[in-house]
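*Asks:* Chains as they are written, first to last, in the numbering used here: chain A, 1 to 450; chain B, 1 to 450.
Since the hints were derived computationally from the structure, they do not count as laboratory data.
Only a predicted model underlies this, so the values are computations on that prediction, with no experimental measurement involved.
There may be inaccurate statements among the hints.
A pair counts as met if it fits within one copy or between any two copies, since identical chains are not told apart.
Once the Cα atoms are required to be at most 30 Å apart in a straight line, the calculated DSS-like pairs of lysine-lysine come out as [as the list claims (entries may be wrong)]: (1) 63 / 353; (2) 357 / 376; (3) 110 / 353; (4) 376 / 419; (5) 63 / 376; (6) 353 / 71; (7) 331 / 110; (8) 63 / 110; (9) 353 / 127; (10) 178 / 357; (11) 386 / 110; (12) 353 / 376; (13) 110 / 357; (14) 110 / 127; (15) 48 / 63.
Number of protein chains: 2
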Amino acid sequence: MNAPLSTIEQLQVALPDLDWVKETPRIQRLSQDFSWFSPVLKRQLAGKFADAVVRPRTEDEVKRLVALCAKLRVPLTIRGAGTGNYGQSVPLQGGVVLDMSAFNQFLWCKGGAARAQAGMRLWDLEKQVRAGNGMELRCMPSTYRSATLGGLFGGGFGGIGSINYGPLASRGNILGIKAITIEEEPQVVELRGAEALLMHHLWGTNGLVLEIELALAPAQDWNEYLVVFNGFDAALEFGNAIASTTGIAKREVGFLSSAVTPYLKPLAEYLPANRHAFILAIAPVSELAMMELAGVHGGQVTYRKEAEEIARTHRTLLEYTWNHTTLVAFKSDRNITYLQSAFVAGEHLEQVKRMEKLLGDEVLMHAEFIRNIEGKVTCTALQIVKFTTEERLQEIMQVYRDNGVRINDPHVFIVEDGKAGGDLPQAYTDVKRRFDPLNLLNPGKTRAWQ
Amino acid sequence: MNAPLSTIEQLQVALPDLDWVKETPRIQRLSQDFSWFSPVLKRQLAGKFADAVVRPRTEDEVKRLVALCAKLRVPLTIRGAGTGNYGQSVPLQGGVVLDMSAFNQFLWCKGGAARAQAGMRLWDLEKQVRAGNGMELRCMPSTYRSATLGGLFGGGFGGIGSINYGPLASRGNILGIKAITIEEEPQVVELRGAEALLMHHLWGTNGLVLEIELALAPAQDWNEYLVVFNGFDAALEFGNAIASTTGIAKREVGFLSSAVTPYLKPLAEYLPANRHAFILAIAPVSELAMMELAGVHGGQVTYRKEAEEIARTHRTLLEYTWNHTTLVAFKSDRNITYLQSAFVAGEHLEQVKRMEKLLGDEVLMHAEFIRNIEGKVTCTALQIVKFTTEERLQEIMQVYRDNGVRINDPHVFIVEDGKAGGDLPQAYTDVKRRFDPLNLLNPGKTRAWQ
Numbered sequence: 001m002n003a004p005l006s007t008i009e010q011l012q013v014a015l016p017d018l019d020w021v022k023e024t025p026r027i028q029r030l031s032q033d034f035s036w037f038s039p040v041l042k043r044q045l046a047g048k049f050a051d052a053v054v055r056p057r058t059e060d061e062v063k064r065l066v067a068l069c070a071k072l073r074v075p076l077t078i079r080g081a082g083t084g085n086y087g088q089s090v091p092l093q094g095g096v097v098l099d100m101s102a103f104n105q106f107l108w109c110k111g112g113a114a115r116a117q118a119g120m121r122l123w124d125l126e127k128q129v130r131a132g133n134g135m136e137l138r139c140m141p142s143t144y145r146s147a148t149l150g151g152l153f154g155g156g157f158g159g160i161g162s163i164n165y166g167p168l169a170s171r172g173n174i175l176g177i178k179a180i181t182i183e184e185e186p187q188v189v190e191l192r193g194a195e196a197l198l199m200h201h202l203w204g205t206n207g208l209v210l211e212i213e214l215a216l217a218p219a220q221d222w223n224e225y226l227v228v229f230n231g232f233d234a235a236l237e238f239g240n241a242i243a244s245t246t247g248i249a250k251r252e253v254g255f256l257s258s259a260v261t262p263y264l265k266p267l268a269e270y271l272p273a274n275r276h277a278f279i280l281a282i283a284p285v286s287e288l289a290m291m292e293l294a295g296v297h298g299g300q301v302t303y304r305k306e307a308e309e310i311a312r313t314h315r316t317l318l319e320y321t322w323n324h325t326t327l328v329a330f331k332s333d334r335n336i337t338y339l340q341s342a343f344v345a346g347e348h349l350e351q352v353k354r355m356e357k358l359l360g361d362e363v364l365m366h367a368e369f370i371r372n373i374e375g376k377v378t379c380t381a382l383q384i385v386k387f388t389t390e391e392r393l394q395e396i397m398q399v400y401r402d403n404g405v406r407i408n409d410p411h412v413f414i415v416e417d418g419k420a421g422g423d424l425p426q427a428y429t430d431v432k433r434r435f436d437p438l439n440l441l442n443p444g445k446t447r448a449w450q
Numbered sequence: 001m002n003a004p005l006s007t008i009e010q011l012q013v014a015l016p017d018l019d020w021v022k023e024t025p026r027i028q029r030l031s032q033d034f035s036w037f038s039p040v041l042k043r044q045l046a047g048k049f050a051d052a053v054v055r056p057r058t059e060d061e062v063k064r065l066v067a068l069c070a071k072l073r074v075p076l077t078i079r080g081a082g083t084g085n086y087g088q089s090v091p092l093q094g095g096v097v098l099d100m101s102a103f104n105q106f107l108w109c110k111g112g113a114a115r116a117q118a119g120m121r122l123w124d125l126e127k128q129v130r131a132g133n134g135m136e137l138r139c140m141p142s143t144y145r146s147a148t149l150g151g152l153f154g155g156g157f158g159g160i161g162s163i164n165y166g167p168l169a170s171r172g173n174i175l176g177i178k179a180i181t182i183e184e185e186p187q188v189v190e191l192r193g194a195e196a197l198l199m200h201h202l203w204g205t206n207g208l209v210l211e212i213e214l215a216l217a218p219a220q221d222w223n224e225y226l227v228v229f230n231g232f233d234a235a236l237e238f239g240n241a242i243a244s245t246t247g248i249a250k251r252e253v254g255f256l257s258s259a260v261t262p263y264l265k266p267l268a269e270y271l272p273a274n275r276h277a278f279i280l281a282i283a284p285v286s287e288l289a290m291m292e293l294a295g296v297h298g299g300q301v302t303y304r305k306e307a308e309e310i311a312r313t314h315r316t317l318l319e320y321t322w323n324h325t326t327l328v329a330f331k332s333d334r335n336i337t338y339l340q341s342a343f344v345a346g347e348h349l350e351q352v353k354r355m356e357k358l359l360g361d362e363v364l365m366h367a368e369f370i371r372n373i374e375g376k377v378t379c380t381a382l383q384i385v386k387f388t389t390e391e392r393l394q395e396i397m398q399v400y401r402d403n404g405v406r407i408n409d410p411h412v413f414i415v416e417d418g419k420a421g422g423d424l425p426q427a428y429t430d431v432k433r434r435f436d437p438l439n440l441l442n443p444g445k446t447r448a449w450q
């Protein structure tokens, strides 16, 4: 007499036509994401693996899988490309990881908007709308080559382009989503506008998103530059001027202190020692104005590539910005980690300078200029931290908080403890109840739903 | 024996191939602009006419004319379409009005920039770059149908589009100009970037501009809306949210208090009594987000036209914004005039509310949301004033100043007394010395150069 089938085996027997990943090493790899940036999460999430991984290719496959998982009460963890940093793709209680990367069809682009399935890679989407419609993404992470649309929506902030359009959560950037309820008879539901944002950045814990509709920006060519400065303050003032000047068309304004630039070894020839640097993506038409401002603030342009060459060679400075700065730094030093912090618009320059003075030897400044959700220029930072102990890491974050800087703690795996910053508003819980009444979406990630 | 020829006659005899306007009524008409918006200027500038008007068609014609005027010491006043409001096209000491409207060739558009001769109409330029290159003007006055590029540069501020790109003077909007010196041997000189702005908004008093090169914006479709509100404060909050929200693509955010809307008779059916209104130009992709904000603030959309219909019918709300509001109001009431004021970014809503409380019965609020030269959202206003006396008008402006609001006095005809706000910096004077060493450009308009 055979042993009874496990629930996972029942799933696999009942849905044999789905693309199941069965090799343990691949299952383990697909149970991880970039949460190893945090030594805390690396320790806490070690050994958290799915029992199985499945790669649905159609809405019907998703629906059949979800229905059966609901019936069998199997936890489901949604995964895009695994480029997130909060363990959002790490299943805390086993079950099935739903690898959405094969659910990746482009649907349409018209009227300044585009819609695609959640597993579409951002770069594929950008290429599609650029070539087909002369549009581009309003914002995207530095991981755009591999990251998926659904992953950005589920756990992303914004990034390149947020200097114009703010974070993804700014009203008007997300037009709608299609989501499916985790029930024995799954319902497919469209949420429009602000309502769609109730599933944003909850790390896939209150809904399974199938399709996302985004507002786009008219495409522009972007030249790339490195501009270096002797003075920390002069550099910041330059960046703030670039960020604030509406007449200068830009897509990226990223600041790297002289303590960070040595980590960017592939760019070493353009980053002289002891100089602070800006990585810029600027429209050709605004090059003169940028150069004028560099002159005003004592900057020196050490690197300049035109959009055409960047497109041809695929060598872009954008892959040294945002969390790619951290990733590149890890290549030469494993004993680092990072912070995520949001400065107060209007006080942001003073705050960055103050934190540099207080912690500059240990917390190496990497700040990205953006417009915040109120449309004001500010900085968000992804500082590189010379890691010693978890206790010291907590102390550092407390110093930031004590100086009025918001920490979006990237060293936690519970939704409420991260960017959400505390208890979730009722509207999010209502969505959870509607879309995941059985609490199968990565249980344990959200305190409210234990 | 014949009487000796006047200098004007000498010019006309020496340059018979130029297009001279000789009929007195036309000369008088072409010696005026929209300074009649101000009862003060109307009185002060009455009877100020050119001795002759000439319409050059080529750079060679300009050059020969300028050379001879320099030799004969004939004053020159530059005119675009005469839609300015400061008497900038009104010759104070006679001489020749240089009507630039036939010097109107489009030169090129590429790489996000366009260049044209100064007399090109803004609407012709917009149509050209939109059809040919998928671009549009970053900002333009409501008089865009008739106003010229050179007139905008010489005496304009910005306008429609300034909610994104700030005023024309924001670094990066003007890329370069070609100007000609007023000398017996005129020199043609290119000024690039910030240097070009040294001739901006000096009403043609320190240089004769031949060509202007502008940075453009990627063209978008713009739907138009009227949204009405019961509450003054609620309306303002709505407008500020539209203006500030980076995710909402817009070109125009104009506020009309319920005291102003009755003047807009052609729109009467969409403007209920006692409601405050916003005129909006919004990209179709942002319609949902705009509607959501209208809902949040208790607004009601009474008018909605899609871009396609606007293009087909040539009926646009844009011609009820900026100084067109004033122009339309004049059609039903000649006893009005207007103000121009700039509110302090961040305090702008409170200032608008305070001024409404202090003077609302006499100064009817019409405010335009823009991003200022620092990239911050604020209001600039073109209030309609129920005119009584010049003394009262001065008192009203003083009340504004006493409340911390900047008045760009549109009731003066001297450069320093208007938006320039006092003595001109040395750099402007240096340009004057270089480009008009004989002080022939409308002498009397600038105090520094008497």
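*Asks:* None of the hints should be skipped; say for each whether it holds.
*Replies:* Hint check:
1. For the identical chains of this complex, residue 63 and residue 353 are neighbours neither inside a copy (52 Å) nor across copies (54 Å), given an alpha-carbon limit of 30 Å.
2. In the homo-oligomer, the alpha carbons of residue 357 and residue 376 lie at most 30 Å apart both inside one protomer (25 Å) and across protomers (28 Å), since each shortest distance falls under that limit.
3. In this homomeric assembly, residue 110 and residue 353 never come within 30 Å of each other (Cα to Cα): the closest approach is 44 Å inside a single copy and 40 Å across copies.
4. For the homomeric pair residue 376 and residue 419, the shortest alpha-carbon distances inside one copy (19 Å) and between copies (26 Å) are both at most 30 Å.
5. For a Cα distance limit of 30 Å, the shortest separation of residue 63 from residue 376 qualifies neither inside one copy, at 42 Å, nor across copies, at 47 Å.
6. For the homomeric pair residue 353 and residue 71, neither the shortest alpha-carbon distance inside one copy (55 Å) nor that between copies (59 Å) is at most 30 Å.
7. In this homomeric assembly, residue 331 and residue 110 never come within 30 Å of each other (Cα to Cα): the closest approach is 41 Å inside a single copy and 41 Å across copies.
8. Taking the shortest alpha-carbon separations for residue 63 and residue 110, only the intra-copy value of 28 Å comes in at or below 30 Å, while the best inter-copy value is 50 Å.
9. In the homo-oligomer, the alpha carbons of residue 353 and residue 127 never lie at most 30 Å apart, since the shortest distance is 38 Å inside one protomer and 47 Å across protomers.
10. Proximity of residue 178 and residue 357 under a CA criterion of 30 Å is satisfied in neither setting, with 47 Å inside one chain copy and 48 Å between copies.
11. Proximity of residue 386 to residue 110 under the C-alpha cut-off of 30 Å is found in neither arrangement, the shortest distances being 47 Å within a copy and 47 Å between copies.
12. With identical chains, the CA atoms of residue 353 and residue 376 are at most 30 Å apart both within one copy (19 Å) and between copies (22 Å).
13. Taking the shortest Cα distances, residue 110 and residue 357 never come within 30 Å of each other, neither inside one copy (49 Å) nor across copies (46 Å).
14. Both within a single protomer and between protomers do residue 110 and residue 127 lie at most 30 Å apart by alpha-carbon distance, with minima of 15 Å and 22 Å respectively.
15. With identical chains, the CA atoms of residue 48 and residue 63 are at most 30 Å apart within one copy only, with a shortest distance of 26 Å there and 80 Å across copies.
Hints 1, 3, 5, 6, 7, 9, 10, 11 and 13 from the earlier list are contradicted by this structure; the remaining hints agree with it.
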